[in-house]
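Colleague: For reference, the chains in residue letters:
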Amino acid sequence: QVRGVVKNENNEGLAGVSVVVKGSSTGTVTNNDGKYEIKASNGSTLVFSFLGYKNQEVKVGNQSEINLSLEVDENLMNEIVVVGYGTQKKTSLTGAVSSISSKELSVQPVISATQAMQGRVAGVSVVNSSSPGNEPTVRIRGVGSISLNPNPLYVIDGIPGGGLNTIDPADIESIEVLKDASAAAIYGSRAANGVVLITTKKGKSGKLSVTLDNYVGTQSVWKTLDLLNSAEYIKYGTALLTASGQAVPGRFTNLNTPIYEGATTTFAQTETDWQDVMFKNSPIYNSQLAISGGSDKSKFYLSLGNFKQEGILPYTEYARRSIRLNSDHNVAKFLTIGQTMMVSNDNRIGEGTAGGRSLVMNIMRMIPYWPVSDPTKLGGYSTTAQGLDATDPENPMRIVVQEQKDRINRSYKVLGSVFAEVKFTNWLKYKFTMGGDYASSIFSSFVPIYNDGNRSRPTAEVSQNRGQYFSSVFTNQLSFDKTFGKHLVSATAVAEKQDAQFKSITINGQRPDNNIKEVQGASNISGNTSLTENTLISYVGRLNYEYDSKYLLSATVRRDGSSKFAPERKWGTFPSVSVGWRLSEESFMKDLQAVSELKLRASVGSTGYNSIGDYDWQPLISANNTNYSFGNASQLASYFNSLGNTGLSWEETTMKNVGLDLSLFNNKITVSTEVYSRKTEGLLLRVPIPESLGYSNSPLANVGSMQNNGFELALGYRLDKKDLKSTFTGTFDLVRNKVLSLATANATINAGSNADFGGFDITRTEVGQPIQSFYGWQVAGIFQNEGEISAANGADGDAKTPYQNAGTKPGDIKFRDLNGDNKIDANDRTYLGSYLPKFSYGLNYAGTYKNFDFAVFFQGVYGNKVYNGTKVIGQGMLRLFNATTDVLNAWTPTNTNTDVPRAVSGDPNQNSRTSDRFLDNGSYLRLKNLTVGYTLPSNKLAKVTNNVLTKARLYVTSQNLLTFTNYSGYDPEIGSTGGNLLNGVDYGAYPQARTMTVGLNLGFN
Amino acid sequence: CDNSDLNKINPNGVTFDTYFTNDAELVAGVNSAYALLQGFGLGAREWFFLHDLRGDEMATGGGQLETPRNQLLIGVNDPGNSVARDVFTGWFRVIHRANVVIESSNKTTASFSANIKNRVAGEAKFLRAMAYFELGTLWGGVPLYTEYVKSVEGSKGRATQQEVYKQVIDDLKAAESALPDTYPASEAGRATKAAAQVLLARTYLQQGDYASAKTELEKVVNSGRYKIVDNYLDLTNEEGEFNAESIFEFVFSPSNGAFNWSGPDGDGNSAQEETIRTQEYSPIGWRNLIPSNKILANYEKTSKGDAKNDPRFDMSFWKAGDKFNNGKDVMDDNAVQGNSSTVDGKTMKISWRKYSLLYKSNAGFATSGINMRVMRYADVLLMLAECENELGNSAKAISLMNQVRARASVAMPAYPTANYPCDSKAKVFEALQHERYVELAAEQVRNLDLIRWRKNKKQTAEPISYFTANKHELLPLPQTEIDNNPKIEQKDQNPGY
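Quick note, the sequences are listed as chains H and G, same order. The opening position of the first sequence corresponds to residue -5 in the numbering used here, with each subsequent residue numbered one higher. The opening position of the second sequence corresponds to residue 105 in the numbering used here, with each subsequent residue numbered one higher.
Just so you know, these hints were derived from the structure itself, not from any lab. Incorrect hints may appear among the rest.
[Stated by the list, open to error] Derived CB-CB ranges, DEER-like:
{"#": "1", "chain 1": "H", "residue 1": "Ser524", "chain 2": "G", "residue 2": "Asn413", "range": "56 to 64 Å"}
{"#": "2", "chain 1": "H", "residue 1": "Ala789", "chain 2": "G", "residue 2": "Asn397", "range": "46 to 54 Å"}
{"#": "3", "chain 1": "H", "residue 1": "Gly350", "chain 2": "G", "residue 2": "Gly258", "range": "39 to 47 Å"}
{"#": "4", "chain 1": "G", "residue 1": "Lys591", "chain 2": "H", "residue 2": "Gly641", "range": "18 to 26 Å"}
{"#": "5", "chain 1": "G", "residue 1": "Val434", "chain 2": "H", "residue 2": "Asn300", "range": "55 to 63 Å"}
{"#": "6", "chain 1": "H", "residue 1": "Ser747", "chain 2": "G", "residue 2": "Asn466", "range": "32 to 40 Å"}
{"#": "7", "chain 1": "H", "residue 1": "Asn518", "chain 2": "G", "residue 2": "Gly258", "range": "35 to 43 Å"}
{"#": "8", "chain 1": "H", "residue 1": "Gly349", "chain 2": "G", "residue 2": "Gly179", "range": "27 to 35 Å"}
[Claimed, not checked] Which residues of chain H face chain G? A few of them, derived with a C-beta cut under 7 Å, are:
{"#": "9", "residue": "Glu167"}
{"#": "10", "residue": "Ser450"}
{"#": "11", "residue": "Gly753"}
Predicted model only: the values in this text are computed from it and were never measured. The beta carbon of each residue, even a glycine, is placed where N, CA and C say it ideally should be.
Could you build the full structure based on these sequences and the hints that come with them?
Modeller: See below:
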């Protein structure tokens, strides 16, 4: 008789470990405390095995007690990977699937799993932008849509849904990214832009585990720009206005007046650094309590989370509270039931804009001799007087207090599922899953009465928009899994139905005072409600076949019926097939000891994308949707605003993928690489219609095609040296995007025109070019004298027609005449570059030395361009506002060696037109995360805390500690503000913060 | 699963087949075409800008004038100009909505009462005609749609300007007979018979057809319904809306400062019925455009040898020392941003007072509910005077002009005067040009006047400084129209662009 305890790496009893006498049928499993008893004779060998741990064999001698700890199996190839509607051994995988573990996810102080994914997976691009809580832009394998937002499908514990911010990243066990069609096609009409599977934590049988993880930190802006101070501003402003023949503002010569009536300071004594005023150090805080455990019958995981992040600009914040309970129960030998459930609430205050201008833009433009606040003004903030100051910037502090502070997004989400699995035999199972996703959002807005001396709001505006989303999924799944000799066959069949419903109500009104922030006692109240619904009915089949662990074949098909399309267009079929060959299992490879795994994979398949409105094919009358006053009393009006399209269908993507997985030296080195071609047809475009048709909305039609071809590489290296254990991982990916066709052969889709940024379109999408390429003029140089201008004007034989502009003067930019007609016009624009990186990469080091642990994570992109709107604001000199110090280097007859054109208000030469002058290299390398942790020795800890604490780890983390970039704006990470075709255009984006946190992980007995 | 769940009908609206089937729906339909007149692309902002920037009444207020506007002002606008495009788009949306109404009024399945059906169709035709009049005059030949377009392939190429004007005339003749002489006060703002007649006259005038224009204008005069009101200020303030001089107005109404920035339609059913005109031009405001020195110098004054200072000068412009905000505040040049003007050799800040809300407000930012009087009786009399003069009845022309000058609050001495002797057809025309310039200043008729006088070769000198022949007669078609309309190619662009 032998007895003992089997423990895990944390020195906790491990339940369910199989203990077998080698070569016999005698066996048992450990109980909840990890204890076992077995009959074993002297000289026999016990084999301990548990999924995810290395097997251990112990020879039985005289001892009656054998205690041991099982080691975690780092052998990546034995990993189990979550795939659509099931799991698969990584070795059997034939598609392109990448996994991220909970370890990688929880190391960073970020809101969501999507943020944590950045740089971790080759082929997944994550771009953060905007204020806390704004979901980052996630693209898998390039950009797959033009008019639609090409987001991946998120599936959370089997339930397709969204709102990843609401899920505490610490609750996530793993994320799987299904990249190629063979992996994703099982999600059919929603999968064309990739699928992200999120699996939340489950309880493990064994001793109750109680952990408390806390961190607290501070965030700050890591870079500011050199803006003009008062004296410089006055010098610049004088030059700017004088050059255009305007009077110098009266204030410039009259600064010795009080900043407001009754103030003791004067404008001359005021020097406001608006960046200093607005950017602040702000706190970030997270706390998570998790309790998990259970028996071999029932297991549970319960967690409470509390997260709050304030932005680095005032009154921007995100806060989340969440509760999760997941449990599994083995009701009978043949029946397992389980559930997941999350309840969360989050609040977000986003960046406020006035007239569409960002806070950064207002900060840059505000005048340095102006005071932050002014108690004599209604609302407490003032801005320049147009007459005296000849300019009208918005006071950014007024914006955050009066246009932002009381505009709050609150959302409540309940996401859960229940399943029951019936095991008919060892090889046939039936699983029924029922899932629900309820999300309620409330946006309440109150903007007060104010008068800043220039702008004012005579009545307060209150509004509330509420949305209620409910989606239910019912899945019936039959799984077959059987080995016939060397043949392994598994098959899955699914029938599924998902219904989604969205109800909204909006109400707004005006109030005569600032006392009440609700729609109470309001005048001019108006309200709307709406209801949209959709249904998706699906049939799914998958067949996996494996011969001798060498030859792998997988085929899937999904047939989707969607209510979003017209009759005759509702159904689509999305097949895929993939094969794999594990060369390392071949006898001729067995001699190569170095190679522990070598697999070749290939796949082809088709997926769809249907993320359009629920009724886009049906044209409607906009009934009573506008009004006109007759006799000054409003009458309702109805109109017919958009054409429908009964031919509307999904975007369809065909993807081919070839992959190779290689492990060397007992999995010390791992290499995984993929090459793919992805072609999307039937792109849904809002076909740009002629203005003369008179419709306000362009109809959607499946008219375009686009391709994304790419290469991905993931490398891993493990080095264990006694006390120092290290893991290096790296990801590298490159994607090339090209538009193959649009609505018509010569069609162009332009975007980005904005009067504050020169007034010309900034990107163009055209056949043969990458999507939304930057498009504009090229700078040839600066006209140094009248002679050069008249020479250019006369080059076409007619000196009266200007080369560029009638107002061109020395010091203005000379643009390049690309078509050789000796004049500059729209035809001299060209493609200037793309926001898409030439490649992107991530480098990660994780190590432990004795009780210390380290993580160093670099992330970067290379070869992309950013249209630097902050440069247009800073040195575009369109109108008189504050500017960057670049304008002090503006061309003058005595300062000719410069690339900043002359200062002249109104920009008569259109020096600020879209050109390569404002196009910056957007490459960056960022030390995304640096962590150092120390875990107190557990035996000492137990002693000191009287056995209360089992674990205590203290760590410090910095996010975005270092950024290497040539980008001259605030931050090179520029997402899109204003549509799919404006990625990489920096209209004054909210910069990413540098974060410093300290954290404490505690485990309780 | 039950596949019938896949058949879902949008519950948030009604489909075309089931709508526009009764009187109320048909009226709502034509209301939506009116609503565009008030939208951002037309009356609320871009339409008055486009006309004003193309005439010679305006100068830049300073660097605050946005680029696309400044380009129009100095004549370097290209086909991408957003102001011109929004107006182009706005008028075509009027046409589309009018077409929907006109076609729906012929539905046999519907239950319309005959008088509503005829009147609404008449209103729609009037609005369609107004749109095509503007489009044809500013852009020349444009695509001509007399039915609403049923599919994206349904676009048309350019018609000729003659064809466009012909359609305008056909529509207006139909409207003239269908429209009532007046409406009850609660319906004020709808197109009347006289509005159709005035627009018809304007169309004839653009084509130099003075006889036909005269016929239409005389109908308006002979109706006896309209007269010159006493107070000149009542023509551009809120209190004088729908007065006896007014024939057609773009209606705005005060909605607590709510302005619909979403152009060019300005749709939506919240109360955003204001125009930003006051903010754009007022001295306490953006002051994007100010009066040109030329128009300031055109007013009669004793210093030039005229018998009297024209009171319309003070009633059209704000200047330092003027009382505003119901007399509570005094205008001060220090509070006024931007450029100065030169009047009688003196440099001072002068700003537009017409349609400015400052007369009863001192708000730093304001939008207003002041209606735009796009057709008024003084214009009718002056157009008739022009017809009479062209047709050889100079005496009649002079007496018509003098009716306008005799307005109680203006009371300018009758023509002939020392500076306007009116002793020949040409001299009468000179007086007429002057009278129209000052009487109708900043009322969006100057641009139309210059276009037709230029076209009909009535001018002795080109008043626009940047004017290039074979280019600036017309605006360029918006590039978006050329790019997206398969029936229009680059070579179809107007000359010079």
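Colleague: All the hints need checking, so say for each whether the structure fits it.
Modeller: Against the structure, the hints come out as follows:
{"no.": "1", "hint": "H/Ser524 - G/Asn413: 56 to 64 Å", "result": "holds, 60 Å"}
{"no.": "2", "hint": "H/Ala789 - G/Asn397: 46 to 54 Å", "result": "violated, 35 Å"}
{"no.": "3", "hint": "H/Gly350 - G/Gly258: 39 to 47 Å", "result": "violated, 34 Å"}
{"no.": "4", "hint": "G/Lys591 - H/Gly641: 18 to 26 Å", "result": "holds, 22 Å"}
{"no.": "5", "hint": "G/Val434 - H/Asn300: 55 to 63 Å", "result": "holds, 59 Å"}
{"no.": "6", "hint": "H/Ser747 - G/Asn466: 32 to 40 Å", "result": "holds, 35 Å"}
{"no.": "7", "hint": "H/Asn518 - G/Gly258: 35 to 43 Å", "result": "holds, 39 Å"}
{"no.": "8", "hint": "H/Gly349 - G/Gly179: 27 to 35 Å", "result": "holds, 28 Å"}
{"no.": "9", "hint": "Glu167", "result": "violated, 31 Å"}
{"no.": "10", "hint": "Ser450", "result": "holds, 5 Å"}
{"no.": "11", "hint": "Gly753", "result": "holds, 4 Å"}
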